[in-house]
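Student: The residues making up each chain are set out below.
There are 2 protein chains.
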Amino acid sequence: MQRKTFSEMNCSIARSLDEIGEWWTLLIVRECFLGTARFDQFQERLGIARNILTARLKRLIEIGVVEKVSLEVNGRREGYRLTAKGEELFPVLVALQQWGDKWAVGAGGPPIQMVEHTSGQPIGPVGPTSSNGRLLNYKDIRLEVGPGAGASTKQRITERNLAVLGVGESA
Amino acid sequence: MQRKTFSEMNCSIARSLDEIGEWWTLLIVRECFLGTARFDQFQERLGIARNILTARLKRLIEIGVVEKVSLEVNGRREGYRLTAKGEELFPVLVALQQWGDKWAVGAGGPPIQMVEHTSGQPIGPVGPTSSNGRLLNYKDIRLEVGPGAGASTKQRITERNLAVLGVGESA
Numbered sequence: 012m013q014r015k016t017f018s019e020m021n022c023s024i025a026r027s028l029d030e031i032g033e034w035w036t037l038l039i040v041r042e043c044f045l046g047t048a049r050f051d052q053f054q055e056r057l058g059i060a061r062n063i064l065t066a067r068l069k070r071l072i073e074i075g076v077v078e079k080v081s082l083e084v085n086g087r088r089e090g091y092r093l094t095a096k097g098e099e100l101f102p103v104l105v106a107l108q109q110w111g112d113k114w115a116v117g118a119g120g121p122p123i124q125m126v127e128h129t130s131g132q133p134i135g136p137v138g139p140t141s142s143n144g145r146l147l148n149y150k151d152i153r154l155e156v157g158p159g160a161g162a163s164t165k166q167r168i169t170e171r172n173l174a175v176l177g178v179g180e181s182a
Numbered sequence: 012m013q014r015k016t017f018s019e020m021n022c023s024i025a026r027s028l029d030e031i032g033e034w035w036t037l038l039i040v041r042e043c044f045l046g047t048a049r050f051d052q053f054q055e056r057l058g059i060a061r062n063i064l065t066a067r068l069k070r071l072i073e074i075g076v077v078e079k080v081s082l083e084v085n086g087r088r089e090g091y092r093l094t095a096k097g098e099e100l101f102p103v104l105v106a107l108q109q110w111g112d113k114w115a116v117g118a119g120g121p122p123i124q125m126v127e128h129t130s131g132q133p134i135g136p137v138g139p140t141s142s143n144g145r146l147l148n149y150k151d152i153r154l155e156v157g158p159g160a161g162a163s164t165k166q167r168i169t170e171r172n173l174a175v176l177g178v179g180e181s182a
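Line by line, the protein sequences are chains A and B. In terms of my numbering, the first sequence opens at residue 12 and continues consecutively. In terms of my numbering, the second sequence opens at residue 12 and continues consecutively.
No lab work stands behind these hints: they were computed from the structure. Treat the hints loosely; a few may be bogus.
A pair counts as met if it fits within one copy or between any two copies, since identical chains are not told apart.
[Unchecked claim] With a straight-line Cα cutoff of 20 Å, these simulated EDC-like cross-link-like pairs (lysine to aspartate or glutamate) come out:
#1 150 <-> 78
#2 69 <-> 98
#3 113 <-> 99
#4 150 <-> 99
#5 96 <-> 83
#6 96 <-> 78
#7 113 <-> 89
Start from the sequences and build out the full structure, keeping to the hints where you can.
Tutor: This is the structure in structure tokens:
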């Protein structure tokens with residue numbers, strides 16, 4: 012087991028991966044976005060072993076990404092759905108899908124296209140944008156010290172802006 | 012080892028995770044965005060074991076996300092940098108960072124803020140948007156059949172649009 016916890020790193024990417032970086036986790040979240048709610052549906056659609064699915068759902072409930080819900084009026088049949096925290100993973104999945112559509116796609120091309128339901132317009136590439144809507148790449152970005160930065164983060168921000176942008180201070 | 016390959020799933024999210032879903036992989040990519048280039052820098056900054064770092068870099072080179080580069084004129088010192096395929100993971104990392112800033116942040120708040128270098132404007136939330144710039148959530152999105160869809164994907168698209176949007180056909 013090569014896993015170590017990333018939660019002690021003072022980095023929101025690391026903390027996110029600590030919560031949702033497990034094998035299967037983002038695919039379970041994907042299933043929720045696809046409308047999957049019942050345990051047996053997750054199992055069948057993902058081809059995942061029951062014990063692993065049980066453990067992953069338990070963990071997702073613990074961290075507040077998924078919650079249990081009654082699927083019938085009498086409440087006998089339970090299912091799972093995303094919380095607000097879980098629903099806000101949608102941009103992560105769209106970014107992963109778009110990257111995969113371009114760089115890791117099968118011979119036939121992208122299997123799924125996303126459109127805005129009301130307009131029918133295809134979804135454009137997601138990412139940070141300028142105020143005029145232009146997509147920004149990482150060389151367009153300057154890092155600045157956030158409220159949770161310690162001394163080592165400040166040092167890294169300075170080094171990064173120097174290395175990538177050639178500017179000495181984070182302003 | 013609970014890993015199985017996701018590469019045979021006809022889903023760009025699964026294929027992306029198959030390439031970059033390994034422990035450490037996205038943090039190594041993060042380091043590249045932060046300007047890290049030398050093996051010993053990756054090791055020190057990530058606190059990662061040499062053998063694991065070696066294996067992850069080898070894999071990242073194999074899949075074309077990272078490439079070796081000479082860091083000195085005489086070429087004796089080698090380093091690593093992102094390819095175009097790797098640089099296009101930036102939206103994935105920004106989406107993860109923003110989610111973590113909101114949902115998995117430490118007590119002090121976000122450690123790093125991103126601004127557009129030329130304007131100094133903070134980066135807004137990334138995600139799919141309407142033509143007027145409004146962020147769309149997953150309930151605003153309709154799935155349509157892409158060129159790589161097989162019968163089972165078509166069936167899942169129909170089921171998903173019915174479950175999430177209440178519409179019967181993918182248009």
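Student: Next, verify each hint and record whether it holds.
Tutor: Going through the hints against the structure:
1. 150 <-> 78: Between copies only: 18 Å across, 39 Å inside.
2. 69 <-> 98: Classified as within; 17 Å inside a copy, 34 Å across copies.
3. 113 <-> 99: This pair counts as between: shortest inter-copy Cα distance 10 Å, intra-copy 23 Å.
4. 150 <-> 99: Result: close only across copies, 12 Å inter versus 26 Å intra.
5. 96 <-> 83: Close neither inside one copy (24 Å) nor across copies (46 Å); limit 20 Å.
6. 96 <-> 78: within (10 Å within a copy, 36 Å between copies)
7. 113 <-> 89: neither (38 Å within a copy, 29 Å between copies)
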